[in-house]
Amino acid sequence: MMNKYEFLYKLDKALGGFSPKEKTEIVHYYDELIQDALDSGENELAFIDRLGSVETIVRTIKKDGGFVTNVKQKQNFQLRKVFDLTVRILGYGLFAIVVITIGSIAFSFVVSGISIIVVSIGRYLVSYGTALTSATLMMYGGNLLLGAGLTLAGFLGFKWLIKTARGLSEKILEFVDKIVKRIGENK
Amino acid sequence: MDAQLKKGFLELLVLASLKAAASYGYKIIQDVSGIIDISESTLYPILKRLEQQEYVETYTEEYNSRLRRYYRITPLGKLKLRECRADFDETKKIYDYILSEGGK
Numbered sequence: 001m002m003n004k005y006e007f008l009y010k011l012d013k014a015l016g017g018f019s020p021k022e023k024t025e026i027v028h029y030y031d032e033l034i035q036d037a038l039d040s041g042e043n044e045l046a047f048i049d050r051l052g053s054v055e056t057i058v059r060t061i062k063k064d065g066g067f068v069t070n071v072k073q074k075q076n077f078q079l080r081k082v083f084d085l086t087v088r089i090l091g092y093g094l095f096a097i098v099v100i101t102i103g104s105i106a107f108s109f110v111v112s113g114i115s116i117i118v119v120s121i122g123r124y125l126v127s128y129g130t131a132l133t134s135a136t137l138m139m140y141g142g143n144l145l146l147g148a149g150l151t152l153a154g155f156l157g158f159k160w161l162i163k164t165a166r167g168l169s170e171k172i173l174e175f176v177d178k179i180v181k182r183i184g185e186n187k
Numbered sequence: 001m002d003a004q005l006k007k008g009f010l011e012l013l014v015l016a017s018l019k020a021a022a023s024y025g026y027k028i029i030q031d032v033s034g035i036i037d038i039s040e041s042t043l044y045p046i047l048k049r050l051e052q053q054e055y056v057e058t059y060t061e062e063y064n065s066r067l068r069r070y071y072r073i074t075p076l077g078k079l080k081l082r083e084c085r086a087d088f089d090e091t092k093k094i095y096d097y098i099l100s101e102g103g104k
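Sequence order for the protein chains is P and L.
Numbering of the first sequence is given in our numbering, commencing with residue 1 and proceeding in unit increments.
Numbering of the second sequence is given in our numbering, commencing with residue 1 and proceeding in unit increments.
Honestly, I wouldn't trust all of these hints.
[What the hints assert, rightly or not] In silico EDC-like pairs for lysine to aspartate or glutamate, Cα to Cα no more than 16 Å straight-line:
| hint | chain 1 | residue 1 | chain 2 | residue 2 |
| --- | --- | --- | --- | --- |
| 1 | L | 78 | P | 64 |
| 2 | L | 78 | P | 170 |
| 3 | P | 178 | L | 83 |
| 4 | L | 78 | P | 174 |
| 5 | P | 81 | L | 89 |
| 6 | P | 178 | L | 87 |
| 7 | L | 7 | P | 64 |
| 8 | L | 19 | P | 170 |
| 9 | P | 171 | L | 83 |
| 10 | L | 48 | P | 170 |
[Said to hold, decoys possible] Short, incomplete list of chain P residues facing chain L, as computed with Cβ under 10 Å:
| hint | residue |
| --- | --- |
| 11 | 40 |
| 12 | 110 |
| 13 | 120 |
| 14 | 140 |
What the hints contain is simulated information worked out from the structure, not anything from laboratory work.
In this text, a Cβ means the ideal position worked out from N, Cα and C, and glycines have one as well.
Could you put together the complete structure from these sequences and hints?
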């Protein structure tokens, strides 16, 4: 069994075929991994044992190296980036429209609700002292209720919007993705 | 599980584990190992590949007076995960067919 320094030393030696930059990166990765394992209470020797032999580690990384370049060549990166940008612009545009629409409806509810309340209170105060018929009083009361209801509805609308906005943006992006993909497939 | 299938899944799982917040090597293994068998040594090539495909980006931050490398999902990585949703329906159809009685 090896301790951390023995392991890292052996790993460094085994990484002969790699560039100095890659070498440092891999050694750092394992150094950090072991340190994090120790910090969470794992046993140093047992953890390093679990990592497997240095030779297998190096072989796994080497085997993957070829794979990476293959993947990169296969997919057209620039095209994907342009595609992604299109989806994001369309998606966020649509998202903005939805948010602005619902937001302004909620806002107008709040504003009209509050103004109905203010106006009915104002009118009641102006006519204060004069004899009011029960019908007028009922009208003021009704107005107050209406105003309160509108304000509440507006606030609930805002609350809902804030709560769902995040999920909504993801959903819209998924939706636009699908459409753009479908258009691409039909070509 | 088939090695090729697993390779693809591992990449997506690691990417998905970064969806909520940036993370680091040891924690990613902890998060993902509950779902799929992953060893410390297989993670490095996966992270490297994700980085080269520009699905993740890295930054270092000090932790306990040492440097720790963090991995953060990029917009392209998020797109890749969203594509899974479309793939899912297709994959499900394939598996339904494979597992049905002689494709009936």
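Evaluation of the provided hints:
no.: 1; hint: 78(L) / 64(P); in the structure: 23 Å, violated
no.: 2; hint: 78(L) / 170(P); in the structure: 10 Å, holds
no.: 3; hint: 178(P) / 83(L); in the structure: 8 Å, holds
no.: 4; hint: 78(L) / 174(P); in the structure: 10 Å, holds
no.: 5; hint: 81(P) / 89(L); in the structure: 24 Å, violated
no.: 6; hint: 178(P) / 87(L); in the structure: 11 Å, holds
no.: 7; hint: 7(L) / 64(P); in the structure: 11 Å, holds
no.: 8; hint: 19(L) / 170(P); in the structure: 12 Å, holds
no.: 9; hint: 171(P) / 83(L); in the structure: 12 Å, holds
no.: 10; hint: 48(L) / 170(P); in the structure: 26 Å, violated
no.: 11; hint: 40; in the structure: 7 Å, holds
no.: 12; hint: 110; in the structure: 33 Å, violated
no.: 13; hint: 120; in the structure: 48 Å, violated
no.: 14; hint: 140; in the structure: 51 Å, violated
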